[in-house]
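K.L.:
So the protein lines, in turn, are chains A and B. In case it helps, the working numbering puts the first sequence at residues 1 to 162. In case it helps, the working numbering puts the second sequence at residues 1 to 293.
Hints in this document: simulated from the structure, not taken from any laboratory. Certain hints may be false.
To be verified - Restricting the straight-line Cα-Cα distance to at most 27 angstroms, the calculated cross-link-like pairs of lysine-lysine (BS3-like) are: (1) A:K126 with B:K9; (2) A:K126 with A:K142; (3) B:K134 with B:K120; (4) A:K142 with B:K255.
Said to hold, decoys possible - These stretches of chain A come out as covered by chain B in the derived footprint (C-beta under 8 angstroms, 3 or more residues): (5) 22 to 33; (6) 133 to 146.
Claimed, not checked - Distance windows between CB atoms, simulated: (7) B:E274 with A:E124: 44 to 50 angstroms; (8) B:P252 with A:D7: 35 to 41 angstroms; (9) B:E136 with A:R19: 32 to 38 angstroms; (10) A:N76 with B:E132: 31 to 37 angstroms; (11) A:E124 with B:N216: 54 to 60 angstroms; (12) B:D202 with A:Y146: 35 to 41 angstroms.
Just so we're clear, the structure is a prediction, and the values are computed from it rather than from any experiment. Beta carbons: idealized from backbone N, C-alpha and C, even for Gly.
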Amino acid sequence: MTQIFYDRVADSLIQDQERLYRLAYSYTYNTQDALDIVQSAAVKALTARPLREPEYIRTWVYRIVVNTALDWLRRNKRLVPADDSFFEDQDAPADAPADMDLQQALNRLPANYRTVVVLRFFEEFKLEEIAQITSTNVNTVKTRLYRALEMMRVEMEGVEDD
Amino acid sequence: MTSRMQNWKQEYDRTPIPQELRGRMLAVTEDHRPAPRGWRWAFATAATVFAMFVLMVNVAPAQAAELRDVPVLGSLVRVFTFVEYTSEVGDAHVRIPRVEGLNNQGLEEAVNAELLADGKAFLAKYEADVAELKQELGPEAMINMGVESFYEIKASNAEVFSLRVEYFWVGGGSASSYDFYNVNQVTGQMITLDSLFRPGADYLSVINAELLRQMNERNAEAGANIFWTDAQEEFTEPFTGITADHNFYINPDGKLVIAFDEYEVGPGSSGSPELVIPTELLTGLLAEGAPIH
Chain A
1 MTQIFYDRVA DSLIQDQERL YRLAYSYTYN TQDALDIVQS AAVKALTARP LREPEYIRTW
61 VYRIVVNTAL DWLRRNKRLV PADDSFFEDQ DAPADAPADM DLQQALNRLP ANYRTVVVLR
121 FFEEFKLEEI AQITSTNVNT VKTRLYRALE MMRVEMEGVE DD
Chain B
1 MTSRMQNWKQ EYDRTPIPQE LRGRMLAVTE DHRPAPRGWR WAFATAATVF AMFVLMVNVA
61 PAQAAELRDV PVLGSLVRVF TFVEYTSEVG DAHVRIPRVE GLNNQGLEEA VNAELLADGK
121 AFLAKYEADV AELKQELGPE AMINMGVESF YEIKASNAEV FSLRVEYFWV GGGSASSYDF
181 YNVNQVTGQM ITLDSLFRPG ADYLSVINAE LLRQMNERNA EAGANIFWTD AQEEFTEPFT
241 GITADHNFYI NPDGKLVIAF DEYEVGPGSS GSPELVIPTE LLTGLLAEGA PIH
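Next up, chain B with everything else stripped away, as it sits in the complex:
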């Protein structure tokens, strides 16, 4: 390097560092820590053995109330933990729910079959991942990985039954994905987004415009990017809109709620956002008898 450049380098290295830099960096990293999860995971050896508990299958309502994980009671439909898998050291905890009391018996069976298959597949994937890591790292290796599943009734009334199942995994990082089951109790049909609207109605444009409006509003209020609504640098993809197969549910007030996975539309610190679509925006588009109010 030339002496001139060396002088400049020395000058550069002497740039005074303000005292407040440290405090500001600590504050900013603290403020943007990902949302804490309720579940603490344990370090487990790869030699984890799984115990499986099959709870009562044909359980009478009175008995069901006495079980661990007290069944969540809706007004008409009951959901309870049908099968519960835990590992010895608590790094896997999968609860497979079962729904009872849907008006359409055939649909109820189909929903329960899917819940069971998905829960089993989720656990099988975890066990395969553990086995693979064990093979890679050796039987003595510490494997820091866990899964848990949860379910939550979002609405249960004479018109609508909405259930959310969360599949959560942690392995250094963590993530959740969600499945929603929405049933129209009057018609006995599964509710899809399409089924809520008149054939050919361009409801997606209306919903997407409203989602973007709410996201931008929240960003402006917070003065920060709670939602990724436009391209920042080249490392995030902006939200451009949902499609007809997007996750949603209908809340107890009869409002349409669009649900997002973590990282789908915003940073981890924003969690898994749910945005309510005001019904007045949808009038004229709704199908006859749609359970939206």
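Next up, chain A with everything else stripped away, as it sits in the complex:
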């Protein structure tokens, strides 16, 4: 499994390049850093041990981009990922302005939460796919989405699959 795996990964990268770039950009809000994340994720994907189940290549490539972006966030100390109990007893911040732009809205969120929001509402993945990308389960994805929406001060819609 070398050539066929390589071909599929390369196809997936080329086909999704703009989407992967937008995803990376949603973490960095900086063109060069987003390009670097996509490029370094591409290298990781192209040089990885071939997957046993090639049908997961697309979500797996997304996972690598997400993990690379999260590493970048950690290194740049913009945000620390919070575990799911962190916000249990906290209300949404009171000062959420009504006209937040996307960057402001995402920056309010812990890293894990912004990931599921972007994947769900902007990249329009199914809950099951988001669970694969983020290496969690569907219930955790839902919990994170609800909490994220609360923090972003938006109505609770669109969490469940249609």
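Knowing the structure of chain A, use the given hints to seat chain B on it.
P.N.:
Relative to the frame of chain A, chain B by itself:
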């Protein structure tokens, strides 16, 4: 979706895509293309018929030199293609080597018996795979699969004879596995890793530390993961060390060389790496008379 989320989605979709993205993605995919293989395979129908050529068994040295696939001549030991199987359309090409001139006649027979059995098993597996696919897909189906085997003398001198046999298959993807035969010509014994070292010597720790050091050094030089030396994400297993039954050979300089299969310790683009262990690291551990210098 709420109108607020819709606005954000529109904002997200309007993220400007820099011009250089395309070029960088093309460059990165080109740079990491798996190492090209020398062998081109043909599309074959499932109705492939195999022809078998049995070359001369008891061949005199003078005649052997005239054969196709000219025998590889070592200084003392000869290796030549004993049996060669090809398919009509060239999607299987198995060369079974035969070794002659080992000092230990009994060992030579055992090695040759194993080479023949392994070569036959390799071809039989291929034929079974083709038959299975044919059954699954129908007799008219195009079956894109092939095998080839190669052999190479790694060293042949008064002390050591080392032979590598490569079994290569391609079926959309491709992979090679290797067998090594290392013979001590002085003692007439097969060389194992254990046999090179004093009983109880912890040579594996020394070799593994050196392998890791070389891998990390090469990664740092290249600024890339030529070797998987630590866990990256969750999709590769890091190299943790070899065991006593790992593939190795002894090169013509008398150095111990540790050989890896493709994908064993690094991406396909790294091929099948071979790392030389400096002998000075092994002094004190080597068994008396070990052919390592």
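K.L.:
Now look at each hint and say whether the structure bears it out.
P.N.:
The hints, checked one at a time:
no., hint, result
1, A:K126 with B:K9, "holds, 16 angstroms"
2, A:K126 with A:K142, "holds, 11 angstroms"
3, B:K134 with B:K120, "holds, 21 angstroms"
4, A:K142 with B:K255, "violated, 59 angstroms"
5, 22 to 33, "holds (count 4)"
6, 133 to 146, "violated (count 1)"
7, B:E274 with A:E124: 44 to 50 angstroms, "holds, 48 angstroms"
8, B:P252 with A:D7: 35 to 41 angstroms, "holds, 39 angstroms"
9, B:E136 with A:R19: 32 to 38 angstroms, "holds, 36 angstroms"
10, A:N76 with B:E132: 31 to 37 angstroms, "violated, 53 angstroms"
11, A:E124 with B:N216: 54 to 60 angstroms, "violated, 41 angstroms"
12, B:D202 with A:Y146: 35 to 41 angstroms, "violated, 56 angstroms"
Checked against the numbered hints above, the structure breaks hints 4, 6, 10, 11, 12 and satisfies the rest.
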